[in-house]
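Chains as they are written, first to last, in the working numbering: chain A, 200 to 391; chain B, 84 to 282; chain C, 15 to 197.
Keep in mind that the hints were calculated from the coordinates and are not lab data. Errors might be hidden in some of the hints.
[Unchecked claim] Taking lysine to aspartate or glutamate pairs in the DMTMM-like style, the calculated list, with each CA pair at most 20 Å apart, reads:
| hint | chain 1 | residue 1 | chain 2 | residue 2 |
| --- | --- | --- | --- | --- |
| 1 | B | Lys277 | A | Asp361 |
| 2 | B | Lys276 | A | Glu364 |
| 3 | B | Lys96 | A | Glu364 |
| 4 | B | Lys148 | A | Glu288 |
| 5 | C | Lys44 | A | Glu269 |
| 6 | C | Lys71 | C | Glu57 |
| 7 | B | Lys178 | C | Asp83 |
| 8 | B | Lys178 | C | Glu179 |
| 9 | B | Lys178 | C | Glu49 |
| 10 | B | Lys178 | C | Glu55 |
| 11 | B | Lys278 | A | Glu364 |
| 12 | C | Lys20 | B | Asp143 |
[Said to hold, decoys possible] Some chain C residues well away from chain B (every beta-carbon gap over 12 Å; in silico):
| hint | residue |
| --- | --- |
| 13 | Ala72 |
| 14 | Ala84 |
| 15 | Leu94 |
| 16 | Ser144 |
| 17 | Asn192 |
[To be verified] Simulated coverage check for chain B against chain A, where a stretch passes if three residues somewhere in it have a Cβ under 8 Å from a Cβ of chain A:
| hint | segment |
| --- | --- |
| 18 | 153-159 |
| 19 | 178-186 |
| 20 | 189-197 |
| 21 | 254-267 |
| 22 | 270-278 |
Heads up, the beta-carbon is just placed ideally off N, CA and C, and yes, glycines get one too.
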Amino acid sequence: MSNVFMLAISAILINNFVLSRFLGLCPYIGVSKKLDSALGMGMAVIFVMTMASTITWIIQNYLLTPFNIEYLQTIAFILTIASLVQFVEMVIQKMVPTLYKALGVFLPLITTNCAVLGVSIININESLSFIESILHGFFAGIGFTLVLVIMAGLRERLEWADLPESMRGLPIAFILAGCMALAFLGFSGFNI
Amino acid sequence: MSLIKEMTKGFVKENPVFVMALGLCPTLAVSTSIENAIGMGFASTFVLLCSNILIALLKDFIPAKVRIPCFIVVIASFVTIVDMLMNAYVPELHKNLGIFIPLIVVNCMILGRAEAFASKNPVLKSVFDGLGMGIGFTLALVLVAFFRELLGAGQLLGIQIMPESYEPVLLAILAPGAFLTLGLLMGALNLFKKKDTTE
Amino acid sequence: MSYYLKLGFILLLIAAVASGVLAFVNGFTKPIIEENRRQAEIEARQEVLPSAVDFQKADSDFVFYTGYDAEGEVVGYTFLAVETGYSGPIQTMVGVGPDLKIIKIKIVEQSETPGLGANCIRSEFTEQFSDLDGEKLYLDKDSGDIVTLTGATITSRAIVDSLREAIRLLKNNVEQLNSEEVS
Chain A
200 MSNVFMLAIS AILINNFVLS RFLGLCPYIG VSKKLDSALG MGMAVIFVMT
250 MASTITWIIQ NYLLTPFNIE YLQTIAFILT IASLVQFVEM VIQKMVPTLY
300 KALGVFLPLI TTNCAVLGVS IININESLSF IESILHGFFA GIGFTLVLVI
350 MAGLRERLEW ADLPESMRGL PIAFILAGCM ALAFLGFSGF NI
Chain B
84 MSLIKEMTKG FVKENPVFVM ALGLCPTLAV STSIENAIGM GFASTFVLLC
134 SNILIALLKD FIPAKVRIPC FIVVIASFVT IVDMLMNAYV PELHKNLGIF
184 IPLIVVNCMI LGRAEAFASK NPVLKSVFDG LGMGIGFTLA LVLVAFFREL
234 LGAGQLLGIQ IMPESYEPVL LAILAPGAFL TLGLLMGALN LFKKKDTTE
Chain C
15 MSYYLKLGFI LLLIAAVASG VLAFVNGFTK PIIEENRRQA EIEARQEVLP
65 SAVDFQKADS DFVFYTGYDA EGEVVGYTFL AVETGYSGPI QTMVGVGPDL
115 KIIKIKIVEQ SETPGLGANC IRSEFTEQFS DLDGEKLYLD KDSGDIVTLT
165 GATITSRAIV DSLREAIRLL KNNVEQLNSE EVS
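Okay, chain A solo, but in the shape it has when bound (with noise of 0.2 Å):
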């Protein structure tokens, strides 16, 4: 359980996907605007990023390994999150339409999201067994949501503050990230 625990730590806090290792930075800009799409994306992120480690487990361990082609990875690999993403886009149109309206070009664009790709690879380089990549690709996902609607929300204030023109938009965003990747280095080192 202390394992399951740490796992989790260790993907949401200490190496946090999008403020340490740099995944997830595309949605992470493109959709912190408001909370409420904030949240819807990173629920589905979550979703993709839980399947998609499932899936890509199975194909690597019981297709690519054994048959020796290990170089079809990064193909496999990708087809396979984008067909996840398009069985996610078609649930969610039929399931919460508003949710699909809000989230519009960006919920397609998940299959670009580094993070998913990302947590993929890493759950095979690292060895992971079936259930610790699935975990793993649930609290990575958890820990760019969390991330993201903190973004959101502060984001929303920042509409309000006197900001000089050349700094407003994406300028002033990547600043905000980096304070946050200030904040959340603080976690580096932890050793429970």
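Chains B and C: place on chain A using the hints.
Frame of chain A, contents of chains B and C only:
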């Protein structure tokens, strides 16, 4: 637009990193040294160029409904080729860039150009577009790496620039420094562009 | 229906061609990559046990190589110590003498924080290990002799602990092999 203009638009006006905010993950992750930045820039440009060419060639053959998966297969193939070639011929750089080499496949810049340009334009134009975007991307990476390596390690391209007594600003090499550097550079660039248009 | 079949077929065709091309490139790059890796390992082994001219892989569960000089005398052993540091696994190539005292170490694989843990590859850190008894290897923070890297306790401790554990395993295996030889 003339071919040369197709290329140069990617340098500043439509710079993938500073203007379109594409390819952010590698920009922040590999800009710890100029050497890594150049390596990543070249690898990404190579993939972008090859995929632009192939997709422009195949655009009439690929049906619109399955175009995204087809683009992905093409891009992923070139990324895998680059990965294998780098592992064989420049293993040090390959190790330094690590997971971000396969992640070139999800560099929104490449899929973005395939969708927005190469699938709708002739091959030659796509070549220049790809080159321009790739060079713009590399320039952006090198610019961020310039500051991070100089301030964070006192070096440029591994050569000690700052005097011995210089206490490196470790933060520049770490994650927060990456974000802050990029944010400040973007702000500076915006200031530049504003001055340009008002004059 | 046939429309979807056509779509699927084209996708499959592209994927098949892609796989073919990749198999081809893999064919000629894989041996080079393997060779690079082998070469790097040989060089590392030579570096940590400079007096050896020949290395033989030992027949045991714990992987190590026995180094021989020109006269066929055992000059020491080399092995890889692996432990997860701060950001990932740290691999250290270690060369010990016949008395199992450390001759030299070399960090061959690490992805620690640049400027902090990554400084473990510097000679100022690795030099400390030479001439020390592996079984009594501890960080100064744990009442030992090894000076911890500034701001990189986890990295330092991982390396030290991995070495101590590996040398213990080596000792067991060498003793076992020696007793087998005698009997």
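Requested in this report: Hints the structure violates: just list their numbers, smallest first.
Outcome: 7, 8
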